[in-house]
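Asks: So the protein sequences, as listed, match chains A and B.
Position 690 of the first sequence, counting from 1, maps to 690 under full-length UniProt numbering, and the rest follow consecutively.
Position 137 of the second sequence, counting from 1, maps to 137 under full-length UniProt numbering, and the rest follow consecutively.
None of these hints come from the bench; they were simulated from the model.
Yeah, the Cβ is synthetic: ideal placement off N, Cα and C, and Gly gets one too.
Mixed in with the good hints, there may be bad ones.
To be verified - Okay, the calculated bits of chain B under chain A, using three or more residues with CB under 8 Å as the criterion:
#: 1; stretch: 101-110
#: 2; stretch: 329-335
#: 3; stretch: 375-389
What the hints assert, rightly or not - Calculated pairs, EDC-like style, for lysine to aspartate or glutamate (alpha carbon to alpha carbon, straight line, at most 20 Å):
#: 4; chain 1: A; residue 1: Lys854; chain 2: B; residue 2: Asp280
#: 5; chain 1: B; residue 1: Lys20; chain 2: A; residue 2: Asp661
#: 6; chain 1: B; residue 1: Lys212; chain 2: A; residue 2: Asp850
#: 7; chain 1: A; residue 1: Lys378; chain 2: A; residue 2: Asp421
#: 8; chain 1: A; residue 1: Lys843; chain 2: B; residue 2: Glu111
Said to hold, decoys possible - Short derived list, chain B residues pointing at chain A, Cβ under 8 Å:
#: 9; residue: Leu6
#: 10; residue: Arg7
#: 11; residue: Phe10
#: 12; residue: Lys11
#: 13; residue: Gln18
#: 14; residue: Glu19
#: 15; residue: Ala40
#: 16; residue: Arg41
#: 17; residue: Ser211
#: 18; residue: Lys263
#: 19; residue: His264
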Amino acid sequence: MAMEVTQILLNAQAVDGALRKQAEENLKQFQEQNLPSFLYSLAGELANDEKPAESRKLAGLILKNALDAKEQHRKIELVQRWLSLDPTLKAQIKALLLRTLSSPSVDARSTVSQVIAKVAGIELPHKQWPELIGSLLSNVHQLPAPTRQATLETLGYICEEVSPDVVDQDHVNKILTAVVQGMNSTEENNDVRLAAVRALYNALGFAQANFSNDMERDYIMRIVCETTLSPDVKIRRAAFECLVAISSTYYEKLAPYIQDIFNITAKAVKEDEEQVALQAIEFWSSICDEEIDILEEYGGDFSADSDIPCFYFIKQALSFLVPMLLETLLKQDEDQDQDEGAWNIAMAGGTCLGLVARTVGDDIVPLVMPFIQENISKPDWRQREAATYAFGSILEGPSPEKLEPLVTMALNFMLTALMKDPSNHVKDTTAWTLGRMFEFLHGTALDTPIITPANCQQIVTVLIQSMKDVPNVAEKACGALYFLAQGYEDAGSASSPLTPYFQDIVQALLTVTHREDAVESRLRTAAYEALNEVVRCSNDETAPMVVQLAPLIMLELHNTLENQKVSSDERQNELQGLLCGCLQVIIQKLGSSEPTKYHFMQYADQIMALFLKVFASRSATAHEEAMLAIGALAYATGPDFAKYMTEFYKYLEMGLQNFEDYQVCAITVGVVGDVCRALEEKILPYCDGIMTQLLKDLSSNQLHRSVKPPIFSCFGDIALAIGENFEKYLLYAMPMLQSAAELSAHTSGADDDMTEYTNSLRNGILEAYSGIFQGFKGSPKTQLLMPYAPHVLQFLDSLYMEKDMDDVVTKTAIGVLGDLADTLGSSAGPLIQQSVSSKDFLKECLSSDDHLIKESAEWAKLAISRAISF
Amino acid sequence: MAPHDLRRPFKRPLISDQEKRRQQSLLRQAQNRRDAQNHARFLASTALSLEQPHELEPEPELHDELIPDSEAPESPKELDVVEASKLKGAEARKWFAKQLMHPEWMIDIPENLSQDWFVFARPSGKRCFVVSCNGTTISRLRNGSILHRFPSELPNGARRKDSSGPAQSYSILDCIFHEVDQTYYVIDMVCWRGYSLYDCAAEFRFFWLNSKLAETGACEPPSHYHKYRFSLVPVYCCDQSGLCAAYTGSVPYVKDGLLFYNKHAHYQTGITPLALVWKDENCSQYVMDTDSKGQVPNQQQVVLELQEGGKLCTSDDPPVVFGCLDGGFMHESELHSGCLVRFAIGEGGLVLVDGKLEKADLNYLGKANRARASADSFSKVMFQYSVRHSPLRIDDLLGSVNSAADESNKVCDIEMDG
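When you get a sec, could you build the whole thing from the sequences and use the hints?
Replies: Set out below in structure tokens:
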């Protein structure tokens, strides 16, 4: 039943386009007409050592693609397809695959190991192919080195592919034993050792039980540490990657080894090649991540129920770690500030230093200050840059009390350096450091402000001047201005020291956006971001200037749309996105207070016309920004938004159909909500189309799951807007809500991400019920909802019993109880009285500490008492 | 198994401004949805409650300043609060005159006083409705006339630039204006930011009042945008400690009796038995009615309305009949149906059988003051009567609150029959 496919596979890689196309067509036909034979033939080709390397490789690749795909829905299809094939055929294919591991061809071995892992990825979770691990490992020691290597690679891919719970502990033990033996220095073949180290990296997640066993853990750790000393740089690097993975997976088991690991990493940072040294630094960054998380979660207050205690590894290693990291800062690359993709030891070391500062706080300051003082004025730019970077790195973490005197002292120095230092590196880092000072040590909440009316003018002048510098320095100056403005965000309508310079700042930022070289170093983006923040933090005094800014930005957007007619490119689209974003911030700011809204409304028609033109471009980012801005506009405009609907509607529908750029879809769903609240019953003529699209979205398995909860909430928005007119959608919407509710009622065994998603889904469903019940209130058609009441109450009861709702869901859920009672009244009285929710759940919510929950519960109690008493 | 990318964000913020915009939009939408939901929950039922006719007249007290406007107000067409808030002049006066909830006088102690009731010390002063809307605040006395027009920190209570939320949304508070410290003591909340609380239980209204009022800054001392200070009144559960606290506790205002509010009762315009007023000499200067000279008359006086067939009635709905005048006497004294007539209660007193008035010894004094808008209520007459004969004392109230507690603790004795 195997077909001869060699020639087709070779033709499919031919230079001749026609030949290639023909071959691809043949393969497609073969696959569609006889899948079993197709797969078997490919496996045969891959296994046959007499065939050309090219055809074997492609055969393996096509096989792999027949088993897995990136898109979730396609992946599910392929899995189902494989599972439904004849078991005998599958056994034959699998035998061919396993045989290929011993092939003399390195390409064939390496390809087949991935194919085997894909098959395992499908079958192991279904308790099929139980003999796989056994047969891979049966005589691994006696195998020739190339086959040993391929076998270890296969194990690595399998561990990457399947989740730990589908492999039983006995097999895990065997895998780990084989892998760790492969890493051992007694293994003479470096390819085998490398394959083993990489396999261990993937297998670490399976080793929970082994890491809990002192002896086994000691053994694994000893071998990993030894492997970091291998003469082969690839093996050393892979071994450090394992250490990094261990630092996050088994943080709580590291105490006995931390001293040794410090020695190993310190040596690597000092002496080893950069790719290895980077991993060594990453180990400590990763430990910082862990300790920051732990300290944030428990606030340093550890009790018996803390999951993982903090071992304060960073604090203990501090006096050795900090000098090691400071040393790396002097190893900058000449052009790292211009190269977007750069990542070197100085950057990694500085980043790690920043994390260490966040982990230990004040303790880091005395260890870093001498380095700064010694180097900040040296003639060598590397020393000045390193000192400045060190200072910028430690500004987050230590207390304001500790930092304020230092920052106040350094401020003038930095401002001068930004103007006068001859090195662009130093200026770049200096501007960034100023931004960090403003980000962490400036704001209305701090006791002693570092920025006073006295020095504000100088700061603004220097930053504006610096915006004319080379793009990477100007970008950082814009960033510093962003945080300077942000510090006044909470100042409210009180006068801000920035007010006198508002006009100059806005002008300077607009000038930056027009620079010829503004596309370099994200400069233009940084300028618009700073402009947005300046707008967000404007106050009563500066609002008139924001009103004047609106037509300027509109003109910019108009110009890009005109240019687009001539030529359309990435940058044009990116700029449109930035301009729409800026307009969104302006609309939201001016729309939030009546007098400014009044002034702004004169531009509404023009602005809407511009947004609609943006939808003609093909950039998802621009669409997303325009849609967000339209949502803000609908909110500010209110019922008058109706006049834009005829034109806007088709883009709304287009957004709802955009499965691929699911962010656009999600944002459009949110905007439907904005429009519903703005138009209320005037949205009715558009509801058939919108509801059809939303229902389609929900039943699609192509749409990203994160969009589904907002769609349910959107049902509620629509129902609330159109009231009893929602009647005709009940038949479709209610069963969808009901089945989603059943699915989301239980989370047992799910991980944190899944629980979080389930809660957002529940919230969406509940918001839908709320809107529907409230929408029908007082209508003669109220009784249409009666048949759904038992299910809704049951859903609330099961949520209550499940005990894993977050506060948001609790608040929405108890509100739905009230909405149901409020709308259905006495006819639902007996049902309500039977439900647990109306008793225990309500009682719990009434005594909640969360005032939003309490508020909803009070309201529900009132509605229920009315429903029951009449 | 390709090598893993280690790069971390370098000299750049972790969250892009675009992400920030997205998050802020989501927050705004969630907030707007909550507002819309709350609006639906509270507003939609308002219209219903206000469509009911309000026929009960406000109950006057002798010591209140009386307004020389005795014409019986025509019933204005039924409006909801939104429409009413736009009324001007006489129309507004007529409408607001009917909107206050008035307590009955406590002539016997309700059951479950300790469980179902709140108690608080009533501030002495002018009862009024305070409405904030469209950048101004107006207080209206019980007859609907304006007491003050002023800027306040209540929602939309002053014209300022940074006000948030729709300017036309109104708030209505039930207050007593206390002259001495020029403070509005808020005793109830009727509407808040456009949400009607008419249909809400007192328990909820007080909860809402407590949590919302302070948020606005209305309780701050007076300032340019805030002419009068507003203040909350301490409200207690009517158990023993609550009752004692209300009765003896020190408050910054002069007390005028105690008010009892049933926890489950809605805000009902007119006289309601679900709110009660009680006074004694310790907690009020105005226990017994005074005449126009401020003197307590020797005999209790009552004002009754003369109705068809000479019946003398209270202002209650349905009215309680105290007696009957014969046609000759009416003709002689130029009395006609609708007149308010003043009587003294004579030696024979009031005779009650099973809580119902059987006989009243009434001595005609004359027509009532022209300023009087309506007759006395039955509960007021009875309270005044009992004050003069067998007053309901604080000890009786405390006793009833205690006995409730005793009852629940009471152990049943079982007789041993051996």
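Asks: Each hint needs a verdict: does it hold in this structure or not?
Replies: Evaluated hints:
no.	hint	result
1	101-110	violated (count 0)
2	329-335	violated (count 0)
3	375-389	violated (count 0)
4	Lys854/A with Asp280/B	violated, 37 Å
5	Lys20/B with Asp661/A	holds, 19 Å
6	Lys212/B with Asp850/A	holds, 15 Å
7	Lys378/A with Asp421/A	holds, 11 Å
8	Lys843/A with Glu111/B	violated, 24 Å
9	Leu6	holds, 5 Å
10	Arg7	holds, 4 Å
11	Phe10	holds, 5 Å
12	Lys11	holds, 5 Å
13	Gln18	holds, 6 Å
14	Glu19	violated, 11 Å
15	Ala40	holds, 4 Å
16	Arg41	holds, 6 Å
17	Ser211	holds, 7 Å
18	Lys263	violated, 11 Å
19	His264	holds, 7 Å
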